[in-house]
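Taken in sequence, the protein lines are chains A and B.
Reading the first sequence from the start, the letters are residues 1 to 370 in my numbering.
Reading the second sequence from the start, the letters are residues 371 to 505 in my numbering.
Simulated from the structure, these hints should not be mistaken for laboratory data.
Think of the CB as a built atom: it goes at the ideal place given N, C-alpha and C, for glycine as much as any other residue.
Please note that the accuracy of each hint is not assured.
Here chain B is said to cover these stretches of chain A; the calculated rule only asks that three of the stretch's residues, wherever they fall, bring their Cβ under 8 Å from a Cβ of chain B [unchecked claim]:
| id | stretch |
| --- | --- |
| 1 | 95-107 |
| 2 | 126-139 |
| 3 | 172-186 |
Derived contacts from chain B toward chain A, CB cut-off under 7 Å, selection only [unchecked claim]:
| id | residue |
| --- | --- |
| 4 | VAL437 |
| 5 | TYR438 |
| 6 | VAL470 |
| 7 | ILE472 |
| 8 | THR495 |
Residues per chain, in single letters:
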Amino acid sequence: MVAAYATQQGEHPDKTAWDLGLEAFRGALQQSGIKRDRIDGLLTETTQDGSGQMEPTRFGQMVGLNPRASGSLHYATAGFTTAYAAGLIASGQCQVVACVYGTNQRTSKFRFHRASDPFGAPYGFLNPAGFAGLGYQRYLHKYDRLADRDKIGAVAIAQRKHAMLNPIALRREPMTWEDYRADRFVVWPLRRSDICLITDGGVCFILADAEIAADLTDHPIYLQGIGRQDALRMLENEDHLLIPHMKSTATQIYERTGVGPRDLDALYVQDAHAPAVILTLENYGFCGEGEALDWIQDGRIELGGELPVNTHGGQLSEGYMVGWLHQVEMFRQLRGEAGARQVPDCELVQFCATGGFREFTLSLVYANQP
Amino acid sequence: MQEPRQLRNKYTARFWDALQQNRLMLPRCRDCGHWLFPIGPCCSNCLSDALEWTPLSGKGEVWSFIVYHHAFAPEFKDKLPYNVAIVKLDEGPRIISNVVGIANDEIRNGMRVAAQFDPVDEAHTLLRFRPDATA
Ligand SMILES: [Zn+2]
């Protein structure tokens with residue numbers, strides 16, 4: 001990765017998703033000094049509102065590109081777009097791939113009321129928080145932890161502390177345990193603070209062939225490997241709600257990179273909701289099954305703790321850019337450019353994502369050396 | 371919001387027709403015994419075309435459940451707080467529904483439930499579940 005740029009998160013009432021994607025694209029070029037015409041691959045994530053914004057042909061026209069390859073993915077694609085770009089580069093189709101996402105879903109009041117499952121809509125099973133809530137309820141039942149529901153507040157609180165150190169984050173006011181416990185339930189057992197914040201913003205990151213990366217920018221970061229496992233049979237799979245297919249992704253990524261959970265300086269979890277962090281910690285082997293609610297207490301996942309998680313504030317506090325902002329933060333941290341929230345001697349980080357309604361899983365490992 | 375009529379298609383029409391007659395039916399594979407849910411054009415387990423619409427007991431258990439305190443669509447505003455549950459049918463499929471006839475805070479995982487057929491318009495009946503009095 002040779003560039004990564006994020007716009008301010010929050011409300012951009014005068015801007016379209018195209019504007020925000022463009023701002024990020026230009027920002028990434030400026031930041032890295034890479035010339036527009038060096039880009040020979042263009043991948044976008046289209047917006048979730050069905051407006052067709054960030055469709056790659058039109059975006060390519062806007063920025064005057066005739067790349068060798070272009071394409072797009074839809075919905076929560078950041079890591080998956082990385083995997084797409086890595087394939088284009090590894091196969092020799094492209095050398096320098098710009099990955100771009102922009103959205104104005106906060107000011108356009110996109111309500112995300114799409115059903116979690118089409119068959120569920122008439123029953124009021126709406127919004128992705130529905131699936132997340134069912135997953136957390138099943139988890140609490142399975143491990144007999146219903147009385148400990150609120151322990152998951154450690155995720156939102158840790159990430160808020162991180163966001164307070166992040167100037168582009170949407171929510172930067174302090175959150176105490178008292179605040180957390182007083183917060184309203186949106187979809188029990190999830191409180192508002194356990195669910196991501198819809199935001200307007202843009203992100204662009206640029207991936208290049210590792211052979212030429214050091215010629216393009218001073219401090220590239222290096223993708224060490226990719227793991228993937230999908231579970232398209234969804235609820236037909238036993239305990240699909242607990243995302244057990246992450247275990248296969250974990251085995252792949254750790255085998256391919258030779259890295260293990262104890263080696264990481266920070267962890268990035270695509271946190272559409274707090275339970276994603278719990279399930280990631282357990283399925284990737286950071287702690288045992290059923291142990292994460294205790295494991296995350298007492299600052300363990302905060303900056304300065306054993307495993308800082310989402311040092312930018314994640315989607316619960318920085319903004320819901322479906323994993324894209326996590327890519328930017330990994331770039332900053334591995335280059336030592338994270339300012340007040342810099343992880344000391346940060347050399348190795350991991351990104352873990354789920355996509356769709358938890359049927360896709362992916363993981364990436366990045367290092368500051370090839 | 372998707373109305374039931376938008377969910378009626380080539381593969382699911384018989385499911386909705388059966389509900390209207392207060393019966394729960396799903397396609398079952400004659401070759402491997404698999405029950406199809408979601409409903410599709412062939413057996414998702416063995417790819418056989420030998421599907422047979424077959425009645426189910428309508429009995430099952432609460433697998434997981436949530437309680438909405440926020441209405442993501444206006445038509446659910448006056449129903450708050452309402453539950454959504456995954457019911458694991460005794461035949462195997464897990465199905466999204468509501469549990470009715472019980473307070474939200476009395477629902478438990480593993481609770482035995484039975485089908486209830488709730489007409490919502492002249493052409494559609496929804497499958498809901500109530501505590502199984504015979505359990
Ligand atoms: Zn079959």
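Which hint numbers doesn't this structure obey?
-> Those not satisfied are hints 1, 6, 7, 8.
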